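This is what each chain is made of:
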Amino acid sequence: MYQGDIGKRSVKVKNIVERGAVKKFAEAIGDLHPIYWDEETGKRSRYGRNIAPPTFPRVFDYGVIEGLKLPAKGLIHGEQRFHYERPLFVGEELYCYAEVKDYYEKQSSMGQLGFLVIANNGEDADGNLIFTSTSTIIINEAVRKAMSV
Amino acid sequence: MTTIREWQVGQSLPDVTLPPVSRLDLIKYAGASGDYNPIHTIDDEAKKAGLPGIIAHGMWTMGNLAKLFTPYCEEGFVQDYFVRFQSMVFLNDVVTLKAKVKEKDDKAIRFVVAAVNQHGKEVVKGEAVFALYE
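Here the protein sequences come in this chain order: A and B.
Under the numbering used here, residues 1 to 149 are what the first sequence spells out, in order.
Under the numbering used here, residues 1001 to 1134 are what the second sequence spells out, in order.
Calculated directly from the structure, the hints in this document are not laboratory data.
Quick caveat, the model's predicted, so the values are computed rather than measured.
Positions of the beta carbon are idealized from the N, C-alpha and C atoms, including for glycine.
Hints may be right or wrong, so weigh each one.
[Stated by the list, open to error] Derived Cβ-Cβ restraints for the label pairs, each shown as a range:
#1 B/P1071 with A/E39: 18 to 24 Å
#2 B/V1112 with A/I6: 42 to 48 Å
#3 A/L129 with B/T1017: 32 to 38 Å
#4 B/A1131 with A/D124: 16 to 22 Å
#5 A/I6 with B/H1119: 23 to 29 Å
#6 B/Q1011 with A/M147: 44 to 50 Å
#7 B/A1108 with A/K145: 43 to 49 Å
#8 A/K101 with B/Q1086: 18 to 24 Å
#9 A/F115 with B/F1090: 21 to 27 Å
#10 A/G63 with B/T1017: 37 to 43 Å
#11 A/M110 with B/F1090: 30 to 36 Å
#12 A/K101 with B/A1049: 22 to 28 Å
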């Protein structure tokens, strides 16, 4: 269903690891360690500044993958993976894009399931990859049928 | 305070049990993450989707689980973090966060991580690699 989309990418979007957004996010996951929000703690730390929690890349804009049509409803988030070269720094600029990594189908007790793997990547201004955030989305039979109508 | 290097293979970090999941928790996560899928905040929309009620964002649970490592941020960072969303988290569920050392060398510690509900069922499970600074 999505085999033809594998390899498609969005155009990179500039994002800022925004101080207020990091604090709000840390609060929402109940992780108000001062390394995320207190400037003094950040300055005194080995990083010399504040950092962001490891699941923060959820908030970035990765742009739109041209031609990729996803159903509006019924998607199941099956798996999630993050890989970091280093933590994200509050205030830094990242260039983010999405890429269709894989699509495969499997027969299960719930019928034929589709697995769509999308990578959301972030690079620094020099083009060095800082993080990859990979989501596996499960598309069940009902949603697949509704889409092919 | 303990350092993360002191933990040995087979040992677990102290469990953290969260307060019962509230609607406000999920509204806050929706706002902070930008994930406004209404199955996480609006009862009718959850029911329309065939759910008994609103469910927590998987990423809310995954985000919470990562905080087991935050106290050690001067020693290293979460380099790899993988989870599978095993089961749904509903309002008023009581989620406990767990991490156990699986492998260890001079450069990194690999943990098996899980979030478990009040029935002892794993709702999220996976692994985290905490890279150690020199």
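So, going through the hints one by one against the coordinates:
1. Checked against the given bound of 18 to 24 Å, the beta carbons of B/P1071 and A/E39, roughly 19 Å apart, stay inside it.
2. Taken as a hint, the range 42 to 48 Å is violated for the pair B/V1112 and A/I6, whose Cβ atoms sit roughly 31 Å apart.
3. Restraint check, A/L129 to B/T1017: a C-beta distance of roughly 36 Å satisfies the suggested window 32 to 38 Å.
4. The supplied range of 16 to 22 Å is met by B/A1131 and A/D124, whose beta-carbon atoms lie about 18 Å from each other.
5. Here the CB-CB span from A/I6 to B/H1119 is close to 39 Å, at odds with the stated 23 to 29 Å.
6. Distance hint check for B/Q1011 and A/M147: the Cβ-Cβ separation is about 48 Å, which falls inside the suggested range of 44 to 50 Å.
7. Look at B/A1108 against A/K145: about 44 Å separates their beta carbons, and that is inside 43 to 49 Å.
8. At about 22 Å, the beta-carbon gap between A/K101 and B/Q1086 stays in the expected band of 18 to 24 Å.
9. A hinted range of 21 to 27 Å for the beta carbons of A/F115 and B/F1090 is consistent with their spacing of about 25 Å.
10. In this structure the hint that A/G63 and B/T1017 lie 37 to 43 Å apart at CB holds, the actual value being about 39 Å.
11. Separated by about 20 Å at the C-beta atoms, A/M110 and B/F1090 break the suggested range of 30 to 36 Å.
12. In this structure the hint that A/K101 and B/A1049 lie 22 to 28 Å apart at CB holds, the actual value being about 27 Å.
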